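Listed below, chain by chain, are the residues.
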Amino acid sequence: MAIIDVKAEITGNVWKVLAKRGQKVAEDEAIVMLESMKMEIPISAPEAGTVKDMLVAEVEGVTEGSVVGRLEV
Amino acid sequence: MSGRVLIANRGEIARRIIRSCRAIGLETVAVYSEADAGSAHVEEADQAVLIGKPRAQESYLVIDRILEAARTSGAGLVHPGYGFLSESAVFARAVGEAGLLWIGPAPDQIETMGDKQRARDAAMAAGVPVLPGSARFSAGDVAGIEDAGRAVGFPLLVKAAAGGGGIGMRRVDAPDKLAEVAAATQSMAARAFGDGTVYLERFVREARHVEVQVFGFGDGHAVHLFERDCSVQRRFQKVIEECVAPGLPDELRERMADTAVALARATHYAGAGTVEYVVDAETLDFYFLEMNTRIQVEHAVTEMVTGVDLVAMQIELARGRLDRIEQASIVRRGCAVECRLYAENPAKMFMPAPGLLGVFRTPEQSATLRIDSGYREGDQVTPYYDPLIAKIIASGENRAAAIATAADALRATRIEGIKTNRDFLIACLEDPLFAAGRATTRFIDEHGQRLVQASGVGS
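Residue numbers (the numbering used here), protein chains in the order written: chain F, 1 to 73; chain A, 1001 to 1459.
Everything labelled a hint here was simulated from the structure, so no lab data went into it. Just so you know, not all the hints are guaranteed correct.
[As the list claims (entries may be wrong)] Below 30 Å or equal to it, Euclidean Cα-Cα: the simulated BS3-like pairs (lysine-lysine) are:
#: 1; chain 1: A; residue 1: LYS1348; chain 2: F; residue 2: LYS16
#: 2; chain 1: A; residue 1: LYS1238; chain 2: F; residue 2: LYS38
#: 3; chain 1: A; residue 1: LYS1177; chain 2: A; residue 2: LYS1348
#: 4; chain 1: F; residue 1: LYS20; chain 2: A; residue 2: LYS1238
#: 5; chain 1: F; residue 1: LYS16; chain 2: F; residue 2: LYS38
#: 6; chain 1: F; residue 1: LYS52; chain 2: A; residue 2: LYS1348
#: 7; chain 1: F; residue 1: LYS38; chain 2: A; residue 2: LYS1116
#: 8; chain 1: A; residue 1: LYS1238; chain 2: A; residue 2: LYS1053
#: 9; chain 1: F; residue 1: LYS38; chain 2: F; residue 2: LYS20
#: 10; chain 1: F; residue 1: LYS52; chain 2: F; residue 2: LYS24
#: 11; chain 1: F; residue 1: LYS16; chain 2: A; residue 2: LYS1238
From a predicted model like this one, the values you see are computed outputs, not experimental measurements.
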């Protein structure tokens, strides 16, 4: 068991939080949908696992590289 | 009525409209969201009214807020710019009902051209060629689709009627696969859009995007201001635009312009508009795509080669003060090219890159160089709006001269703080395929990787 960080690859605003704490997610499954410059960009789980924490809320801004959630893999 | 103009927009186009108003001698009212407080368009307008929160849905797209701003500021006219509410017939009507003058075509004209099927019918009625297409097939119904496919011609696209922006399209090369792909597209569209209706449309393998700038006087008189080639695109958004469209026979360019004027005349079009065509680069056939009923981002290209102020013409037409202009008086001199400087990262599939413009310095403007920007050094480029930082527009006696001036201007532009496509633009301008005038709409998809490497942009 390891805990990994899921990071935003771009700067934007959280449009939808798609995963909840305790939820099982597949590899590449979107856990957050960002909105930036008229585009909707998913932040996906890099590996399959269980959501340990979601660290962002809707409408909140995130910057490139910031951690939006943690997965137990 | 007051001659004060409210500009229902932001960024470079708001500043651009302010300039024309000032030249005519009209006062201006800017509107702005909380994210744009302190931005250049707000400072330059005679008045500015805060209309809401950063998200466009809570500010620049809220009709009531904008009309309220017009009322409190004593504006008499509304210019919508491009994007946001510029192609909303509802907004145009609401402006009229509020007793204000709308700077743009009549709401009915916006509505007609905003509806794919009605726009296509209007084009056909005016003798404008349209892409061969079929009747619609609703979900679960593919009876007779092979015959429809043969009539359209292969290769063709199966398109979801409710789709858009490239979503819900499948290419089919031969009749035997058609029914199967159509059925699959119907069920996909039913799930994705709640409407499984599809139709067939001829697929153009090697496509160029060429559009014609028209201006109508609302009484059946209309003129064209030549064409713009906008084939260099990514994600269906234009990146580089130019006039003259390179490598097309004069006879073809004239025929495209004439048919665009015919459409504007037939619809008694009022104001600036753009008739967009797809040109088959192999056969040189051209087909109507759509008509944009507003000023466009790339209008400056046309202004550079004709010396015309399109925005001033829009305003004066709305005020009833524009003298009729004849086609013969519109003369093109040389060529012009526009590069859209975007806050994005070419090395990461052109993903948005908002941030602080710590350093932002552009070269001096001149008779052959125009730079339209909504930002200044020290401004924040926020994630709320489109990624356009500036338009670099260069002209010259010929295409090579215009391209060289644009490339020099981009090289002389200093930006620090955010990633941009500056170096990618230079690589495009200096690419042999582009230089030869052979770029199609697949140029960036097919050569993007190579161009990113050529531009030396790291991720």
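Check: Which earlier hints can't be squared with this structure?
Finding: As far as the earlier hints go, 3, 4 are violated by this structure, in ascending order.
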